[in-house]
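Visitor: Okay, here's what each chain looks like letter by letter:
Number of protein chains: 4
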Amino acid sequence: MDNRISFSSDYTKGAHPRILERLYETNYQQQNGYGTDEYCESAANKIKAACECPDADVFFLVGGTQTNQTIIDMLLKPYEGVVAAETGHVAAHEAGAIEFSGHKVLTLPSTLEPSEGGAAVYSDEIGKIKADELKALIQRFYADDNHEHMVFPGAVYISHPTEYGTLYSKAELEAISGVCKEFGIPLFLDGARLGYGHMSKRTDVTIKDIARLVDVFYIGGTKVGALFGEAVVFPKGVPTKHPVPIIKQHGALLAKGWLLGLQFDTLFTDELYFEISKNAIEMADILRNELIQRGYRIYIDSPTNQQFIVLEDDRLKELSEHVRYGFWEKPDDKHTVIRLATDWATTREDIEELMRYL
Amino acid sequence: MDNRISFSSDYTKGAHPRILERLYETNYQQQNGYGTDEYCESAANKIKAACECPDADVFFLVGGTQTNQTIIDMLLKPYEGVVAAETGHVAAHEAGAIEFSGHKVLTLPSTLEPSEGGAAVYSDEIGKIKADELKALIQRFYADDNHEHMVFPGAVYISHPTEYGTLYSKAELEAISGVCKEFGIPLFLDGARLGYGHMSKRTDVTIKDIARLVDVFYIGGTKVGALFGEAVVFPKGVPTKHPVPIIKQHGALLAKGWLLGLQFDTLFTDELYFEISKNAIEMADILRNELIQRGYRIYIDSPTNQQFIVLEDDRLKELSEHVRYGFWEKPDDKHTVIRLATDWATTREDIEELMRYL
Amino acid sequence: MDNRISFSSDYTKGAHPRILERLYETNYQQQNGYGTDEYCESAANKIKAACECPDADVFFLVGGTQTNQTIIDMLLKPYEGVVAAETGHVAAHEAGAIEFSGHKVLTLPSTLEPSEGGAAVYSDEIGKIKADELKALIQRFYADDNHEHMVFPGAVYISHPTEYGTLYSKAELEAISGVCKEFGIPLFLDGARLGYGHMSKRTDVTIKDIARLVDVFYIGGTKVGALFGEAVVFPKGVPTKHPVPIIKQHGALLAKGWLLGLQFDTLFTDELYFEISKNAIEMADILRNELIQRGYRIYIDSPTNQQFIVLEDDRLKELSEHVRYGFWEKPDDKHTVIRLATDWATTREDIEELMRYL
Amino acid sequence: MDNRISFSSDYTKGAHPRILERLYETNYQQQNGYGTDEYCESAANKIKAACECPDADVFFLVGGTQTNQTIIDMLLKPYEGVVAAETGHVAAHEAGAIEFSGHKVLTLPSTLEPSEGGAAVYSDEIGKIKADELKALIQRFYADDNHEHMVFPGAVYISHPTEYGTLYSKAELEAISGVCKEFGIPLFLDGARLGYGHMSKRTDVTIKDIARLVDVFYIGGTKVGALFGEAVVFPKGVPTKHPVPIIKQHGALLAKGWLLGLQFDTLFTDELYFEISKNAIEMADILRNELIQRGYRIYIDSPTNQQFIVLEDDRLKELSEHVRYGFWEKPDDKHTVIRLATDWATTREDIEELMRYL
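Protein chains in written order, with the numbering used here: chain A, 1 to 358; chain B, 1 to 358; chain C, 1 to 358; chain D, 1 to 358.
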């Protein structure tokens, strides 16, 4: 067994102990299958209250790629594609799950050139799309005489936090939402790490803003205190009469659906979801300050639980004897960018142990 | 909350307590993601030992429809379909998940006409395919001059126990396996309830026989003591160089894959899987004997944990005040067939409570 | 080169000479691509007039399987399948093209048991579905508690003439149309041989009846005097805002679309389509009467251009030295069912030559 | 009817008169269906001889998007995508036909920034991919620790001539072919305008070079003298045991397949294909020289039958009263790029008429 401390990702641990307790407590209660149980209902109600969207439809799916694939397939007509940042999870890291469902991912550029010499190599814009570029893409499409021979932009996918830990401001989100409304294109926000975005100290976007501004989003459980699970919220209702067979076709209908309901019911009781998200942010902030103080080169100026630094390869080799980290990329032959992620369970002791090796 | 006792299915409870204990014990151990952890490895090794197939490839997926869809997509070329009983889960109850993946289900008849007047309305043949009918289908296909305009039989799907609780004999399984080998068509056995088949008192088929006779099968966890999870076994190895992206495309790659490994590691330690399966069989046998003794009409002569009886509708209405059951079908206007399923956790007290209402 | 006379099918010759003439006449006229030309417009108008459906949308596609696949994909939601006779072309002879598009074919039985001893082994019911069986299938589906785990009946496919040359009566068609309307399910009629149905002496169904009773149908050109091409008619309009990209996704948007328009414009000028269809019917009737008179065993009582007879294998061997026929099936070891098809260009001399060998 | 002269594209006319003659001559010959006729065989043999690839498999499909979709689906495993220039037809102008088949298009940049001030605004590099960039993409993919979560580069698509009329040199083609061989990735060349590439005066690439360097290519008929049709050539054989059902699944199996065989048999008799291609090149060269001489701004330095110029919008308005052209793009508010395409049937008189309006 690998006993090194790990900051490699935010899905390396089990679940918040309150969730495990409730699994124990309810283990022999006999539940209805496929999400028709009381816990799913209760969790949905708590989520609708937290998001202030009483008319929402809420579903509970198992994992991120599955959720992205299922939602996008619900949103799109066969001749439509989904617009995403070229760094977006659906564009780059889902093994073609969107295309497997028959849809193209239409990409907008989002990888900024790193700035030279500064501490923050990338700005906090990386991983995001811009409202004006989205609008230009849509207008260019409709202006093309041959657009019926092209893939229609049928939905917009954004992640918040992004895959790089960055966040949209409320103004940015409103602008993107405005473009989507203007062209009647639904906006989908991937919130696999939504809690960490909501609790960032450098955000003005709340979960209620999101529910107001997008057509569908999900509240990530896998990376934020649940064993697994993503809560999908359609604030204005789901755009299909029969979501269940679509979910089942995607292999995404869990037989013991109450396991998902129970977890989200727990996370949305007494604001547990936000409280544990806050912990990750506080630990990340401590880590970040320590790193800057010690002269580490911050690669992306991330306001959330994922921190990215550039290390010389020799230095990294030493570090890897004690610490597990996330490999990110190699900007050149002698350096490596790594990700250090805190999570709902990271402790001050963990950070201190990590700093001993840094 | 619905406090009536439930015999409606075998996926109404959580998990064997040993699994919950291990979730607690390992909750803060930090694991590698996506099934690359030590528990998946350990579980795979124990399964390979139990099945006596040391060269097998083993994967852990989340649920049944997902597993069926992913395996069948791995087995088939684009122009091939999967042969199944017309009552098979993939043919009838997966919302078109196989067709969603681009493949046709080629069906063989399996719903026998009920025999008149006897206690056992259906024989124990229901839900199964027959080797000679399979062979005839394949031969008819290749004999047709136009078969290149038709869907090639590219894999064979059977379930054991079937959706009706029935079992193949070893001779039947060998015959089907023989036909598959003769035509070079892989045989896939859906073992969502495999433990209950293995432990039936009326079977001569063991899990080792299955590993010897089929090309791929899965060991059901969801219905046999796990929170969720199906262990897929390719005894002679997986027929694709890159199973991971295929699994991910189907939304079936669990981030915290070790949750699956841990559960199957637990179930395959000290033969727990078989022991708890045995409990379900024993409870079903007691139930079945009681039912026969009290003059209930057995609808299908099932040797496993699912029992099917025919009730008059008035009688059923009374029963439903105290007991949850599985609705099966309505053979006529005045009767209903119901399913009563025992599971790994059913107790003698549960049976006694049920019998009080019957 | 094979110089034997051929009655093997109705797609063995080129096109009516008037079509070839117009190809010559228009060869250097420069046309707009992709069906936006004047001939497509003119042909659509003539078809709408002939069918008395002025509000129709008309498209021209290239071949039958392509047309079936594209139309069905336009009609169905992802979780829906198409209901068809188990002998229907989409169910049996399109290499899985419907499943390739993600949809299941839900089948109704249509192969009747042959009657014993009579001249007509099969009745004229073969190949057809029945309104009451269709209704029962739909009702059974919605009555099932688990129907959200099953494939929804989302469209109905019939062929007229069927693959066996048989025809629906107007009453039958009205009944099927009524069931479809009752459940809000679109009805699609495959008219690959529509002209031969319309001109049969044993039908009361006209092309206008069809336009009135179905939601979409196509007028076959490939088998009725065109080089290739099928004219798709949606009498009440196409149910998608953007049919062009859907057609293109299916590889079905011909660059030189005017070749299709020109052919149908020719066929629907001066009732040429019906006139040449009539020829095939007259030749088939002569053939049929001769066959009966000579004591041949008629296998299916077909009122259209396809005739089916049962021959002893020895007799067939002799015949095949002089005549090409369509192999249909082997009812037993010593007999073969063959198809003899007339077409728009069959002459009395052809029939006489054939009869010399029979 | 629009009587303006048209240079809008190379698919505005019918077919070379020799093809129409042969349609007449063979109209009542009765042929076997689905490409099993003598003309397909003869055409395949002539193509194999012309390409010096005696072991090739040759198929005849109807149109370009259909052919691209079918070939790519034959080449790729489910988890693989096809690499193409971002301007490639499969990436940009097929309404998502590749994604409809379940595959991602992985793009390489190919739109160069226009150079300032010169006569040739774009170089002849536009529309092409580069061997070193292809290699870098593949290496980057395999170097990524997470590449099993990404889409594998499984085939490479190039067009020759490209959508912009540009051509690969033999050295460039050899370099791309070398990279493909190094990584075991099949190379597919879209030759919708292959004749015009082969006969360009500024190329060193012959059809034999192509047959030697790629794994599959097609010889375009639709744009080069046929009514329709693309001849697909797999020089080393087709990589699937059953191409026919795959072709049929894509709706691409023409019933009267001999219409395709007959056309290509005609085009590959007495080098007709190359002779008529030569005409288009000669006419384009005359046009190009005239344009340069008259001071028109050449937008892309194209060595084939498509010529691109930039016009002021006022000037274009006048022109459009007399001439049909292809709209290409608007580089700014006051200018438009148009395409003027010659073809197999363009005459010196056509050019002269065009020049009168320019």
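Please note that a few of the clues may not be correct.
Since copy identity is lost for identical chains, a pair holds within one copy or between any two.
For lysine to aspartate or glutamate, the following DMTMM-like pairs were computed, each having C-alpha atoms within a straight-line distance of at most 20 Å [to be verified]:
1) 278 x 352
2) 181 x 124
3) 77 x 125
4) 334 x 145
5) 135 x 174
6) 317 x 145
7) 48 x 349
Rather than coming from a laboratory, the hints here were simulated on the basis of the structure.
Visitor: Are the hints correct? Go through all of them and say.
Guide: Hints, one by one, checked against the model:
1. 278 x 352: Within. Shortest intra-copy distance 18 Å satisfies the 20 Å Cα cut-off; inter-copy 50 Å does not.
2. 181 x 124: Close neither inside one copy (26 Å) nor across copies (41 Å); limit 20 Å.
3. 77 x 125: neither (31 Å within a copy, 36 Å between copies)
4. 334 x 145: Between copies, since 18 Å is at most 20 Å while 49 Å is not.
5. 135 x 174: This pair counts as within: shortest intra-copy Cα distance 13 Å, inter-copy 41 Å.
6. 317 x 145: This pair counts as between: shortest inter-copy Cα distance 17 Å, intra-copy 55 Å.
7. 48 x 349: neither (36 Å within a copy, 40 Å between copies)
Violated hints, in rising order: 2, 3 and 7; the structure is consistent with all others.
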